[in-house]
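First to last, the sequence lines map onto chains B and R. If you count by the numbering used here, then the first sequence holds residues 203 to 534, one letter each, in order. If you count by the numbering used here, then the second sequence holds residues 203 to 534, one letter each, in order.
Please keep in mind that the hints were generated in silico from the structure rather than gathered at the bench. Predicted model only: the values in this text are computed from it and were never measured. The beta carbon of each residue, even a glycine, is placed where N, CA and C say it ideally should be. Be careful, since some hints might not be right.
To be verified - Partial pick of chain B residues on the chain R-facing surface, computed with a CB cut under 8 Å: (1) R272; (2) I444; (3) T454; (4) P460; (5) Y463; (6) L467; (7) V468; (8) M476; (9) D480; (10) K482.
What the hints assert, rightly or not - Straight line, CA to CA, 27 Å or less: simulated DSSO-like cross-link-like pairs of lysine-lysine: (11) B:K259 - R:K374; (12) B:K259 - R:K482; (13) R:K458 - B:K410; (14) R:K344 - B:K474; (15) B:K474 - B:K346; (16) B:K344 - R:K344; (17) B:K458 - R:K500.
Said to hold, decoys possible - Quick list of the computed label-pair ranges, beta carbon to beta carbon: (18) R:D480 - B:E219: 28 to 38 Å; (19) R:N497 - B:K482: 45 to 55 Å; (20) R:M203 - B:N439: 28 to 38 Å; (21) R:E427 - B:G372: 38 to 48 Å; (22) R:Q498 - B:G372: 29 to 39 Å; (23) R:K289 - B:G372: 36 to 46 Å; (24) B:F479 - R:K344: 32 to 42 Å; (25) B:G268 - R:K410: 47 to 57 Å; (26) R:I313 - B:K259: 46 to 56 Å.
Okay, here's what each chain looks like letter by letter:
Number of protein chains: 2
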Amino acid sequence: MINKKMILVNRPTGIPEKNTWSFEEELISEIKDGQILIKQQYISLDPAMRGWMNNSKSYIPPVEIGTVMRAGTVGEVIQVNNNTNFKVGDFVSGWGGVQEYSISDGKNYSIIKDKNNPIHRYLGALGMPGMTAYFGIINEGKIKSGDIVLVSAAAGAVGSLVGQIAKIKGCKVIGIAGGNEKCKYVKEQLGFDEVIDYKNDNIYSSLKKYCPEGIDVYFDNVGGEILDAALAKLRMNARIVICGAISQYNNTSRTKGPSNYLSLLVNRATMKGMVVFDYKNDYPMAINQISEWFNQGKLKSNESIFEGIDNFYETFLKLFNGNKRGKLILKL
Amino acid sequence: MINKKMILVNRPTGIPEKNTWSFEEELISEIKDGQILIKQQYISLDPAMRGWMNNSKSYIPPVEIGTVMRAGTVGEVIQVNNNTNFKVGDFVSGWGGVQEYSISDGKNYSIIKDKNNPIHRYLGALGMPGMTAYFGIINEGKIKSGDIVLVSAAAGAVGSLVGQIAKIKGCKVIGIAGGNEKCKYVKEQLGFDEVIDYKNDNIYSSLKKYCPEGIDVYFDNVGGEILDAALAKLRMNARIVICGAISQYNNTSRTKGPSNYLSLLVNRATMKGMVVFDYKNDYPMAINQISEWFNQGKLKSNESIFEGIDNFYETFLKLFNGNKRGKLILKL
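Build out the structure end to end from the sequences listed, making use of the hints.
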């Protein structure tokens, strides 16, 4: 059997170029004692991957040059060599990376027992983006019924769930997304109360219109000017959850800091960073809850699925050019 | 009797110019039923006053054009007209503004009963700067013994107390101040563990030297590049208390936002704004505690006292040109 894989060969500055990775093929060797062989079915593409490519201190070590590009995956166990935790035919989720097959001792994989959800949802609403949305808005944002919640990247994998969960919890939710089509989706399909098109609307005046009383919670996926606009509209004791800053990930100059940060002082507000891994002991509880919301028809998810490891590079770029909706996935 | 007073007549852009205020004299009229007349002895000069002059939404309304410049004061009651809460000879602290006499119904004044402390200390360690330092580092910074605490404007009215309180509570304290003389004072007189001279030292490499393990709490009075340097050295679950941003108050361009704010995410850290007025119900408790520390010789305070209301303008500028130490006070 041949494994096709994407190896990180150059650390990018700015938007990754094609020569950031090298596409390689290798013969799959016999798996060793205790190992399992997984045929990967779906690869998760996440904005965070851009950060993992920088050689700087962060919440996990950078991907090393010469190794398979790190990515979350789901797949099927097709060989087991003396490992009692897995059997052939198990579906698993884990960190398989951007390749067609992965070999592991199984430590970073969990078996998906659930038959009610499509397997690729374990990369989206039941995977890292779902966990990020759930713990981010509930535990970090500390939402309560009646709060006014603003969410950026509202049509994205995390933002779309953040807003829907806040609605379930009784909040008024305003989304920010780019372009008419996404905005329509956010309001009509996902049920946000209001949506602001950052490509065509003035964010400051739209916020004035949709939440004249200000914002209790801002869930930030983007940073930049949108973070500044949110800061300018904080209510007393507001919370800003810093989940990401996609507008800044490909910067070649210094990150744009939030000029309006002194609004934190005026409004006794809090800005706090979160990393979803801190909640890993509570993932099963959140997966059950999100799964239940799906069964009850209270949650919708959306995946943009593209096919073929050969198309990894072009698909990856869709994370940053806005050319996708919901969770971005590569199908093998 | 003639009252001399400073009236705000122009809203400044950048550093206030002399024509920001107009110096006026008026004959003091008879005080009305229920009023008291206070002969002011000391006027507090605080960086926050610069913010109160801007016509923008903040934690208190701006000083109105044509009114006496707002300032904290201490003085002596010299006339009482049918007000049982005060008697002639009482020493009071309150918001008398930049003038020699003030007339009030007494609502914003408290009587100073304490005879152990010099009266002007009620504008410093036992006044707003002391309350800010106490609640800022204890309630907002949530310090615990062993924490590594960084304080900017360490020779200033608030910073000097923040660092000393953190030392009392068992923290390792690093101060940042400008110039050799101030730094010597901070380390030798105030007992900080280390001090960084931002005018002569490289802040990043000094932080690396003095706290290689990083910072648990940063108490920020200054904003700008120093806030960025602190963000770059945060430890896991660190807290940044935003008390002020003196480096930005006279900006004529946009406030410099903290470029390194994504360190909040990497380190699951919190940046929170504080306004001391929120703690006003607990001021008496904090005043007792600070007073006790003075009696025990555990705290030192320092005041830069200048004389004469005619010198208000030149004295006020010392807040921003660094040409003072500790609490800046105008004596009448």
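Review point. Looking at the structure, which of the earlier hints fail to hold?
Key: 1, 3, 10, 12, 17, 18, 20, 22, 23, 24, 25
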